[in-house]
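Chemist: Protein chains in written order, with the numbering used here: chain G, 1 to 420; chain W, 1 to 147.
One or more hints might be untrue.
To be verified - To give a feel for the contact side, a few chain W residues facing chain G, derived at Cβ under 8 Å:
no., residue
1, Q8
2, S18
3, L20
4, E25
5, I28
6, F29
7, L34
8, L38
9, S57
10, D79
Stated by the list, open to error - Capping the alpha-carbon separation at 25 Å, the derived lysine to any residue pairs in SDA-like fashion look like this:
no., chain 1, residue 1, chain 2, residue 2
11, G, K253, G, H176
12, W, K53, G, K412
13, G, K343, G, P380
14, G, K413, W, S26
15, G, K412, W, K46
16, W, K46, G, H375
Claimed, not checked - Here are a few chain W residues that sit away from chain G, every Cβ distance over 12 Å (derived from the structure):
no., residue
17, D64
18, E66
19, T69
20, I117
21, L146
Calculated from the structure, these hints are not laboratory results. For glycine and all other residues, C-beta sits at the position ideal for the given N, C-alpha and C.
So the chains spell out like this:
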Amino acid sequence: MSVKTSNYNISTKDELIPDGIRRLFPALHQKINGKPLIYFDNAATTQKPIQVIDAIEQYYKNYNANIHRGVHTLADKATDSFEQTRSNIRSFINASSDEEIILTYGTTDSINLVSQSFGKKFIKEGDDIIISAMEHHSNIVPWQMVCEERGANLRIIPITDNGELIFEEFENLLSHKTKLVSVVHVSNSLGTINPIDQIIKKAHLVGAKVMIDGAQAAAHLPIDVQELDCDFYAFSSHKMFGPTGVGVLFGKKEILNEMPPYRGGGEMISQVTFEKTLYNNLPFKFEAGTPNIADVIGLKFATDFICELTKKRILNHEKFLLAYAQKMLGEIEGLRIIGNAQKKLGVVSFIIEDIHSFDIGVMLDAGGIAIRTGHHCTQPLMNRFGIEGTARASFSVYNTYQEIDTLVESLKKIVKIKRK
Amino acid sequence: MSEKSINQIQDEIIEEFSILGNDMESIIFYIMELGNKLDPLDDKYKVDSNLIKGCQSKVWLTADVEDHTLIMKADSNTDITRGLISLLIRTLSGQQLDDIIKSDLYFIEKIGMHKVIGSQRSNGLAAMIKQIKLYALAYKTKLESLS
Numbered sequence: 001m002s003v004k005t006s007n008y009n010i011s012t013k014d015e016l017i018p019d020g021i022r023r024l025f026p027a028l029h030q031k032i033n034g035k036p037l038i039y040f041d042n043a044a045t046t047q048k049p050i051q052v053i054d055a056i057e058q059y060y061k062n063y064n065a066n067i068h069r070g071v072h073t074l075a076d077k078a079t080d081s082f083e084q085t086r087s088n089i090r091s092f093i094n095a096s097s098d099e100e101i102i103l104t105y106g107t108t109d110s111i112n113l114v115s116q117s118f119g120k121k122f123i124k125e126g127d128d129i130i131i132s133a134m135e136h137h138s139n140i141v142p143w144q145m146v147c148e149e150r151g152a153n154l155r156i157i158p159i160t161d162n163g164e165l166i167f168e169e170f171e172n173l174l175s176h177k178t179k180l181v182s183v184v185h186v187s188n189s190l191g192t193i194n195p196i197d198q199i200i201k202k203a204h205l206v207g208a209k210v211m212i213d214g215a216q217a218a219a220h221l222p223i224d225v226q227e228l229d230c231d232f233y234a235f236s237s238h239k240m241f242g243p244t245g246v247g248v249l250f251g252k253k254e255i256l257n258e259m260p261p262y263r264g265g266g267e268m269i270s271q272v273t274f275e276k277t278l279y280n281n282l283p284f285k286f287e288a289g290t291p292n293i294a295d296v297i298g299l300k301f302a303t304d305f306i307c308e309l310t311k312k313r314i315l316n317h318e319k320f321l322l323a324y325a326q327k328m329l330g331e332i333e334g335l336r337i338i339g340n341a342q343k344k345l346g347v348v349s350f351i352i353e354d355i356h357s358f359d360i361g362v363m364l365d366a367g368g369i370a371i372r373t374g375h376h377c378t379q380p381l382m383n384r385f386g387i388e389g390t391a392r393a394s395f396s397v398y399n400t401y402q403e404i405d406t407l408v409e410s411l412k413k414i415v416k417i418k419r420k
Numbered sequence: 001m002s003e004k005s006i007n008q009i010q011d012e013i014i015e016e017f018s019i020l021g022n023d024m025e026s027i028i029f030y031i032m033e034l035g036n037k038l039d040p041l042d043d044k045y046k047v048d049s050n051l052i053k054g055c056q057s058k059v060w061l062t063a064d065v066e067d068h069t070l071i072m073k074a075d076s077n078t079d080i081t082r083g084l085i086s087l088l089i090r091t092l093s094g095q096q097l098d099d100i101i102k103s104d105l106y107f108i109e110k111i112g113m114h115k116v117i118g119s120q121r122s123n124g125l126a127a128m129i130k131q132i133k134l135y136a137l138a139y140k141t142k143l144e145s146l147s
């Protein structure tokens, strides 16, 4: 590969060097409406480093071929690269084997796989599925669908005004009827880091399985699925510097083996006759059809990048950005931060009195600042806080204190004009 | 009834916006100011039957006919959308039904509005214009059936 990150000054022993990191991200070097782009929409998707972009290009230029079936050289090379990503992901989350890593099309797809397949096999009438009040729609709707189909009940863990799960309420919801608990590791709207280790332990005591939506955690927090002992863990490539259209589902082998296939087609079979089909082994049983090969290959370079930066340095950098942003935003008249959990990641959701988040988003964009506005696909959570939506700035490894200063100055200007 | 024609008003708007140049912040802030100046719609009219579908932010629009002209009032829950509506109201409210039905709102492109509002929100603007023309057409049909 042509790009060597060692040629870029991306970190010291303890800290990231955002200016060096930024050189790896072509999309960051542009002007929006005549102003340098400030990208604070990382919880929606991160920008992509050049080595990821190059990897995709190299695949199409040099070894484009379908995987697993071909006997020719290109097919071998493509298969090896594809499977290398699976191995990298296995190591990235410390799963015990590659068979436990299902490559999907995103977190939503991973959750749908579990809800449909696990649901079909294990959820019966009168069973309970527990989720929390801070879930993304993709960790609500698939379970609603299963509940409707199977006659099961969806139970919701409430949250505090600070945006933290009320653990006692969760414990009260648990019973012998609980078959599955599916909660978000880190809230996309609030930044709250949930105590998933405790949730998993408690749920296992009543025999329930636990799925973790790790979409917002994968690029930031160390993940060790064996230590966590979770049954399923899902995340998306595109929120961790990788390409879109690729996701990961970790599942414990013994449970995945029990689950029926989610989609039928090529690749997921071992033998097909018109009378009966025998399914392939893990992980292929759940990977029907030609996958998104190029982007899966790209994901390997994204995980390599994160490993090189190290989660420790990433967390440290984002922790300081978050603290600085919260302090500076606190100085703005009428601004209220939504989500003040003690443990939170680099996400600041806020509302400003009398100014709609839509207006904030459009006005910031006019100054080259990209944030997210609206309900962030968490409408029940917005209802919980009695608001329509928020403005959300979310940080990544390439963001700087100066960018936060510009955001704060722009917001002050907006407030001043509005109050005029 | 409006003293100026639709096209005269459109030309005025184009001239006003030309002073702002290409600076997007100035354009957005100006639209916001226009939104702030729009008379707010009484809450009793902010009902679902007056909501325009297709807009990301909420837009309520009411229309009455007076002497073959369409009198409109509108509001939104966001300042920028309210600013956009104010331009439509300024251009079309008080105009003859026929003129509204036949109108070509070229000022939207001339002042670079699609760039300002982006492709996702352009749909909302198109929905507003469509709704206004539908009102004009409905009233015209009603008046013709009565005469």
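Chemist: For each hint, tell me whether it holds in the structure or not.
Modeler: Structure-based check of all given hints:
1. Q8: Violated, because the Cβ-Cβ distance from Q8 (chain W) to chain G comes to roughly 29 Å (cut-off 8 Å).
2. S18: Violated. Min distance 17 Å.
3. L20: Not OK, violated: L20 (chain W) not within 8 Å of chain G, min 12 Å.
4. E25: holds (4 Å)
5. I28: Interface hint status for I28 (chain W): holds (4 Å vs cutoff 8 Å).
6. F29: holds (6 Å)
7. L34: violated (12 Å)
8. L38: violated (14 Å)
9. S57: Holds, about 5 Å.
10. D79: Hint on D79 (chain W): holds, closest Cβ of chain G at ~5 Å, below 8 Å.
11. G:K253 / G:H176: holds (23 Å)
12. W:K53 / G:K412: violated (33 Å)
13. G:K343 / G:P380: Measuring from Cα to Cα gives roughly 22 Å; hence the hint holds.
14. G:K413 / W:S26: holds (12 Å)
15. G:K412 / W:K46: Between K412 (chain G) and K46 (chain W) the Cα gap is close to 30 Å, so the pair fails against 25 Å, i.e. violated.
16. W:K46 / G:H375: Holds, at roughly 21 Å.
17. D64: holds (28 Å)
18. E66: holds (32 Å)
19. T69: holds (32 Å)
20. I117: It is violated; I117 (chain W) is separated from chain G by about 8 Å at its closest Cβ, not greater than 12 Å.
21. L146: Since the minimum Cβ distance to chain G is about 41 Å, L146 (chain W) lies beyond 12 Å and the statement holds.
Comparing the model with each numbered hint stated earlier shows that hints 1, 2, 3, 7, 8, 12, 15, 20 do not hold.
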